[in-house]
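Chemist: Let the sequences and hints guide you as you build the complete structure.
2 protein chains.
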Amino acid sequence: MKVRILVRLKPGVLDPQGRAVHHSLEGLGFDGVSDVRIGRMIELDVDEATTDEAIDQMCRQLLANMVIEDYSVEKLNTAEPA
Amino acid sequence: MKVRILVRLKPGVLDPQGRAVHHSLEGLGFDGVSDVRIGRMIELDVDEATTDEAIDQMCRQLLANMVIEDYSVEKLNTAEPA
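Residue numbers (the numbering used here), protein chains in the order written: chain A, 1 to 82; chain B, 83 to 164.
Possibly wrong hints are sitting among the right ones.
To be verified - Which chain A residues stay away from chain B? Per the calculated CB distances, all over 10 Å, these: (1) Arg8; (2) Gly12; (3) Pro16; (4) Ser34; (5) Asp52; (6) Gln57; (7) Met66; (8) Val67; (9) Val73; (10) Lys75.
Unchecked claim - Straight-line Cα separation of at most 30 Å, DSSO-like style, residue types lysine-lysine; simulated pairs: (11) A:Lys10 to B:Lys84; (12) A:Lys10 to B:Lys92; (13) B:Lys157 to A:Lys75; (14) B:Lys84 to A:Lys75; (15) B:Lys92 to A:Lys75; (16) A:Lys2 to B:Lys92; (17) A:Lys2 to B:Lys84; (18) B:Lys157 to A:Lys10; (19) A:Lys2 to B:Lys157; (20) A:Lys2 to A:Lys75.
It should be emphasised that the hints constitute simulated quantities derived from the structure, not laboratory data.
The C-beta atom is built at its ideal place from N, Cα and C for all residues, glycine as well.
Modeler: Next comes the structure, spelled out in structure tokens:
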């Protein structure tokens, strides 16, 4: 089973990397971008038997910094090209 | 309009960060994980008028390293909590 975990900074937390990318996009002439936020994507290949609770625990213990980050979990159809 | 860009290493490109996370997950006692790949998520807030071509150009010129990375673009419903 493929699981995609998206980790993003909580709203309100300053994102200097996103700001730098925003600035660079403007420098390259791309107008119309009003905000850029950068996060991480973690794709796990796990046993079918893996519970949602186990995936939550992985996020809380290792994959996300719960102080400043939120995460969301998406289960991908294994037939989908990942 | 919110646009989510997912940047991941091309298949076959070594992912040392993913390997380290995989090792750590095993160290924490999470069995049943067979692979971990780590990528970036970039969330853009762009004008409704922004074309798909412009977003593609942003990816190719700045957001992804096309030599070793692939990207995919997902348009998010603005009503969806991002």
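Chemist: Each hint: holds or not?
Modeler: Hints and how they fare:
1. The beta carbon of arginine 8 of chain A sits about 7 Å from the closest Cβ of chain B, which is not more than 10 Å, so the claim that it is off the interface is violated.
2. Residue placement check: glycine 12 of chain A keeps its beta carbon more than 10 Å from all beta carbons of chain B (closest about 14 Å).
3. Distance check on proline 16 of chain A: its Cβ is at least 14 Å (rounded) from any Cβ of chain B, clearing the 10 Å threshold; non-interface status holds.
4. Against chain B, the non-interface label of serine 34 of chain A is violated: not every CB pair exceeds 10 Å, the least being about 5 Å.
5. At roughly 13 Å from the closest C-beta of chain B, the C-beta of aspartate 52 of chain A stays outside 10 Å, upholding its exclusion from the interface.
6. Its beta-carbon lying about 7 Å from the closest one in chain B, glutamine 57 of chain A breaks the requirement of being farther than 10 Å from that chain.
7. For methionine 66 of chain A, the condition that its CB be more than 10 Å from all CB atoms of chain B holds, with the nearest at approximately 15 Å.
8. Every CB of chain B is more than 10 Å from the CB of valine 67 of chain A (nearest about 18 Å), matching its label as outside the interface.
9. For valine 73 of chain A, the shortest C-beta to C-beta distance to chain B comes to about 13 Å, beyond the 10 Å cut-off, and the non-interface label holds.
10. The non-interface label for lysine 75 of chain A is consistent with chain B: the shortest C-beta to C-beta separation is roughly 14 Å, beyond 10 Å.
11. Taken as a hint, the lysine 10 of chain A and lysine 84 of chain B pair is honoured in the structure, with Cα atoms around 17 Å apart against an allowance of 30 Å.
12. Taking the CA atoms of lysine 10 of chain A and lysine 92 of chain B, the gap is near 29 Å; set against the 30 Å cutoff, the hint holds.
13. Annotation: proposed proximity of lysine 157 of chain B to lysine 75 of chain A holds, straight-line Cα distance about 18 Å (limit 30 Å).
14. Distance check on the hinted pair: lysine 84 of chain B and lysine 75 of chain A sit about 21 Å apart at the alpha-carbon level, within 30 Å; holds.
15. Simply put, lysine 92 of chain B and lysine 75 of chain A have alpha-carbon atoms about 21 Å apart, close enough for the 30 Å limit, and the pair holds.
16. Among the hinted pairs, lysine 2 of chain A with lysine 92 of chain B is consistent with the structure: their alpha-carbon atoms are about 17 Å apart, no more than 30 Å.
17. Proposed proximity of lysine 2 of chain A and lysine 84 of chain B is supported: the alpha carbons are some 25 Å apart, at most 30 Å.
18. Taken as a hint, the lysine 157 of chain B and lysine 10 of chain A pair is honoured in the structure, with Cα atoms around 20 Å apart against an allowance of 30 Å.
19. Pair hint lysine 2 of chain A plus lysine 157 of chain B holds up; C-alpha atoms about 21 Å apart against a cutoff of 30 Å.
20. Between lysine 2 of chain A and lysine 75 of chain A the CA atoms are separated by roughly 6 Å; this keeps the pair inside 30 Å, and the hint holds.
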